[in-house]
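Protein sequence lines, in the order shown, are assigned to chains A and B. The letter at position 96 of the first sequence is residue 96 when you use the numbering used here, and the numbering goes up by one with no holes. The letter at position 28 of the second sequence is residue 176 when you use the numbering used here, and the numbering goes up by one with no holes.
To be clear, the hints were calculated from the coordinates, so they are not data collected in a lab. Check before you lean on any hint, since a few could be wrong.
Simulated crosslink set (DSBU-like; lysine-lysine; CA at most 35 angstroms straight-line) [to be verified]:
#1 A:Lys110 / A:Lys21
#2 A:Lys146 / A:Lys37
#3 A:Lys129 / A:Lys21
#4 A:Lys147 / A:Lys110
#5 B:Lys161 / B:Lys294
#6 A:Lys37 / B:Lys161
#7 B:Lys272 / B:Lys161
#8 A:Lys146 / B:Lys272
#9 B:Lys294 / B:Lys258
#10 B:Lys272 / B:Lys294
#11 A:Lys147 / A:Lys13
#12 B:Lys295 / B:Lys272
#13 A:Lys124 / B:Lys258
#14 B:Lys185 / B:Lys277
#15 A:Lys129 / B:Lys272
#16 A:Lys37 / A:Lys124
#17 A:Lys110 / B:Lys258
#18 A:Lys13 / A:Lys37
#19 B:Lys185 / B:Lys165
#20 B:Lys295 / B:Lys161
#21 B:Lys272 / A:Lys110
#22 A:Lys129 / B:Lys258
#23 B:Lys185 / A:Lys124
#24 B:Lys165 / B:Lys258
#25 B:Lys185 / B:Lys294
#26 B:Lys165 / A:Lys110
#27 B:Lys295 / A:Lys37
#28 A:Lys124 / B:Lys295
#29 B:Lys169 / B:Lys185
#30 A:Lys124 / A:Lys110
#31 B:Lys277 / A:Lys124
#32 B:Lys277 / A:Lys110
#33 B:Lys161 / A:Lys147
#34 A:Lys147 / A:Lys37
#35 B:Lys169 / B:Lys258
#36 B:Lys272 / A:Lys147
#37 B:Lys272 / A:Lys21
#38 A:Lys17 / B:Lys295
#39 A:Lys129 / A:Lys110
None of these values were measured; they are calculated from a predicted model.
Protein chains: 2
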Amino acid sequence: MTLSVFTDEYFMKEALKEALKASDLDEIPIGAVVVSKGRIIARAHNLTEQLHDVTAHAEMLAITAAANFLSGKYLEGCTLFVTLEPCVMCAGAIHHAHFECIVWAADDEKRGFNTYNSSILHPKTTFSKGLMAEESRQLLQEFFRKKR
Amino acid sequence: MTLSVFTDEYFMKEALKEALKASDLDEIPIGAVVVSKGRIIARAHNLTEQLHDVTAHAEMLAITAAANFLSGKYLEGCTLFVTLEPCVMCAGAIHHAHFECIVWAADDEKRGFNTYNSSILHPKTTFSKGLMAEESRQLLQEFFRKKR
Chain A
1 MTLSVFTDEY
11 FMKEALKEAL
21 KASDLDEIPI
31 GAVVVSKGRI
41 IARAHNLTEQ
51 LHDVTAHAEM
61 LAITAAANFL
71 SGKYLEGCTL
81 FVTLEPCVMC
91 AGAIHHAHFE
101 CIVWAADDEK
111 RGFNTYNSSI
121 LHPKTTFSKG
131 LMAEESRQLL
141 QEFFRKKR
Chain B
149 MTLSVFTDEY
159 FMKEALKEAL
169 KASDLDEIPI
179 GAVVVSKGRI
189 IARAHNLTEQ
199 LHDVTAHAEM
209 LAITAAANFL
219 SGKYLEGCTL
229 FVTLEPCVMC
239 AGAIHHAHFE
249 CIVWAADDEK
259 RGFNTYNSSI
269 LHPKTTFSKG
279 LMAEESRQLL
289 QEFFRKKR
């Protein structure tokens with residue numbers, strides 16, 4: 001990432017704010033932001049219920065929005081911050097988009113792409129995980145607790 | 149699939165017609181249709197260049213359109229006909245959508261989901277492949293030959 005006054009924690013907090021918006025809509029609370037040159041160029045949250053669309057994960061919506069912002073389909077040099085480990089669908093999209101880096105908070109041990117094959121990501125894409133994982137997990141646990 | 153006057157070959161031909169539409173737009177020629185109760189409820193072709201969006205694969209657009217038609221995000225009882233083996237992203241979406249069956253024409257040995265992990269599909273989703281594979285391959289080869 002280029003020089004930025006913002007930290008990774010700042011961007012992950014923004015992704016968590018997106019997750020909160022999803023929660024307010026009774027959607028599973030997952031949020032994402034796309035950062036280019038130290039700026040957020042796209043933000044999105046899970047909208048699968050609102051849109052009746054299984055493809056409307058936070059990451060997918062953020063990728064589409066970021067590509068729209070940049071007027072190009074490749075997101076080279078961009079970093080995706082997402083509050084939960086991407087599923088296979090989203091990891092596939094992340095591969096296609098040529099992200100420079102992915103940062104996710106909590107692991108998804110059931111549906112995370114790493115469960116299937118960690119090489120789904122593009123070999124040039126770096127990733128890190130665990131940043132604010134506890135906050136993300138609490139948000140998810142609270143959501144599912146209320147559902148019961 | 150329920151009783152239908154149409155054959156699988158008829159539906160794959162319709163998917164190939166979609167692929168031709170993509171080709172006419174200078175998009176990689178891949179097409180898909182979603183069939184419910186013997187009727188086509190959604191049809192789509194690859195639009196990644198037109199939309200500047202790596203997520204705009206034929207399957208993804210067809211899934212969104214079919215869910216919109218049915219006003220529900222799950223496509224249980226539906227069959228997806230697609231002219232090329234789905235990539236990981238699309239296979240992940242197919243999993244989420246709970247398709248009953250997937251039929252694809254040509255294998256994609258480089259990017260097909262089977263290269264990564266064949267269990268990406270939902271365990272209840274059946275699949276078959278090879279139907280009109282030669283027609284699909286010819287369309288793709290012709291497209292890439294012109295590109296050179």
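So, going through the hints one by one against the coordinates:
no.: 1; hint: A:Lys110 / A:Lys21; result: holds (24 angstroms)
no.: 2; hint: A:Lys146 / A:Lys37; result: violated (39 angstroms)
no.: 3; hint: A:Lys129 / A:Lys21; result: holds (22 angstroms)
no.: 4; hint: A:Lys147 / A:Lys110; result: holds (19 angstroms)
no.: 5; hint: B:Lys161 / B:Lys294; result: holds (23 angstroms)
no.: 6; hint: A:Lys37 / B:Lys161; result: violated (46 angstroms)
no.: 7; hint: B:Lys272 / B:Lys161; result: holds (26 angstroms)
no.: 8; hint: A:Lys146 / B:Lys272; result: holds (29 angstroms)
no.: 9; hint: B:Lys294 / B:Lys258; result: holds (21 angstroms)
no.: 10; hint: B:Lys272 / B:Lys294; result: violated (40 angstroms)
no.: 11; hint: A:Lys147 / A:Lys13; result: holds (24 angstroms)
no.: 12; hint: B:Lys295 / B:Lys272; result: violated (39 angstroms)
no.: 13; hint: A:Lys124 / B:Lys258; result: holds (17 angstroms)
no.: 14; hint: B:Lys185 / B:Lys277; result: holds (21 angstroms)
no.: 15; hint: A:Lys129 / B:Lys272; result: holds (32 angstroms)
no.: 16; hint: A:Lys37 / A:Lys124; result: holds (18 angstroms)
no.: 17; hint: A:Lys110 / B:Lys258; result: holds (26 angstroms)
no.: 18; hint: A:Lys13 / A:Lys37; result: holds (18 angstroms)
no.: 19; hint: B:Lys185 / B:Lys165; result: holds (21 angstroms)
no.: 20; hint: B:Lys295 / B:Lys161; result: holds (24 angstroms)
no.: 21; hint: B:Lys272 / A:Lys110; result: holds (17 angstroms)
no.: 22; hint: A:Lys129 / B:Lys258; result: holds (28 angstroms)
no.: 23; hint: B:Lys185 / A:Lys124; result: violated (44 angstroms)
no.: 24; hint: B:Lys165 / B:Lys258; result: holds (24 angstroms)
no.: 25; hint: B:Lys185 / B:Lys294; result: violated (39 angstroms)
no.: 26; hint: B:Lys165 / A:Lys110; result: violated (38 angstroms)
no.: 27; hint: B:Lys295 / A:Lys37; result: holds (33 angstroms)
no.: 28; hint: A:Lys124 / B:Lys295; result: holds (26 angstroms)
no.: 29; hint: B:Lys169 / B:Lys185; result: holds (25 angstroms)
no.: 30; hint: A:Lys124 / A:Lys110; result: holds (25 angstroms)
no.: 31; hint: B:Lys277 / A:Lys124; result: holds (32 angstroms)
no.: 32; hint: B:Lys277 / A:Lys110; result: holds (28 angstroms)
no.: 33; hint: B:Lys161 / A:Lys147; result: violated (45 angstroms)
no.: 34; hint: A:Lys147 / A:Lys37; result: violated (39 angstroms)
no.: 35; hint: B:Lys169 / B:Lys258; result: holds (24 angstroms)
no.: 36; hint: B:Lys272 / A:Lys147; result: holds (26 angstroms)
no.: 37; hint: B:Lys272 / A:Lys21; result: holds (33 angstroms)
no.: 38; hint: A:Lys17 / B:Lys295; result: violated (45 angstroms)
no.: 39; hint: A:Lys129 / A:Lys110; result: holds (16 angstroms)
Violated hints, in rising order: 2, 6, 10, 12, 23, 25, 26, 33, 34 and 38; the structure is consistent with all others.
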